[in-house]
Amino acid sequence: MVPVEAYFVLSALLFFIGVFGFITRRNLIAMLISVELVLNAVDINFAAFNRLLFPEGMEGFFMTLFSIGVSAAESAVAIAIIINVYRNFHSDQVNSIENMKF
Numbered sequence: 005m006v007p008v009e010a011y012f013v014l015s016a017l018l019f020f021i022g023v024f025g026f027i028t029r030r031n032l033i034a035m036l037i038s039v040e041l042v043l044n045a046v047d048i049n050f051a052a053f054n055r056l057l058f059p060e061g062m063e064g065f066f067m068t069l070f071s072i073g074v075s076a077a078e079s080a081v082a083i084a085i086i087i088n089v090y091r092n093f094h095s096d097q098v099n100s101i102e103n104m105k106f
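Our numbering numbers the first residue of the sequence shown as 5 and each following residue consecutively.
Careful: at least some of the hints might be erroneous.
Beta-carbon label-pair distances, calculated as ranges [said to hold, decoys possible]:
| hint | residue 1 | residue 2 | range |
| --- | --- | --- | --- |
| 1 | ILE85 | ALA10 | 30 to 40 Å |
| 2 | THR28 | ARG91 | 25 to 35 Å |
| 3 | ASN103 | LEU57 | 41 to 51 Å |
| 4 | LEU57 | VAL23 | 17 to 27 Å |
| 5 | ILE27 | SER100 | 12 to 22 Å |
No lab work stands behind these hints: they were computed from the structure. A virtual CB, placed ideally from N, CA and C, is assigned to each residue, including glycine.
Whenever a hint applies, use it, and build me the whole structure from the sequences.
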C-alpha cells in the first residue's frame, strides 16, 4: 500500500510545476495546461486528505469528482476564448491580448 505522504509529495510537485509553468510561459495553451496541473494537485489533495482523515468516508472523492467537472468546464471555456483570440490576432501569445480595447 502506498503511504499517504507520497500523495502529498506528488501533489506538491504537481502544484509547483504548474505554478512555475504559468509564470514562465507566454503561450496561452501552455498556461492553460499549467492551470490544469494545479487543479489536478488540488484533486489529489482532496483524495489523500479523505483517505487520511476519514478512511470510510467518500466526501473527498465526491469533491474530487466535482472539481474535475468544474475544471473540464473551465478548460472548454478557456479553449473557446483562446480560439477567438487566435482568430482575431493570429497569435496564441499573451502579448496579443494586450492589443484588445475596451
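Starting from the range 25 to 35 Å, see whether the pair THR28 and ARG91 falls in it by beta-carbon distance. The hint (25 to 35 Å, Cβ to Cβ) holds, given that THR28 and ARG91 are roughly 26 Å apart.
Looking only at beta-carbon atoms, does the pair ASN103, LEU57 fall within the given range of 41 to 51 Å? For ASN103 and LEU57 the Cβ distance comes to about 49 Å; the hint holds.
Could you say whether the range 12 to 22 Å given as a hint is met by the Cβ separation of ILE27 and SER100? holds, 19 Å
17 to 27 Å was suggested as the range; check whether the CB atoms of LEU57 and VAL23 agree with it. Distance hint for LEU57, VAL23 holds at roughly 26 Å.
Verdict for ILE85, ALA10 (Cβ pair) under range 30 to 40 Å: Holds, at about 36 Å.
Of the numbered hints stated above, none is contradicted by the structure.
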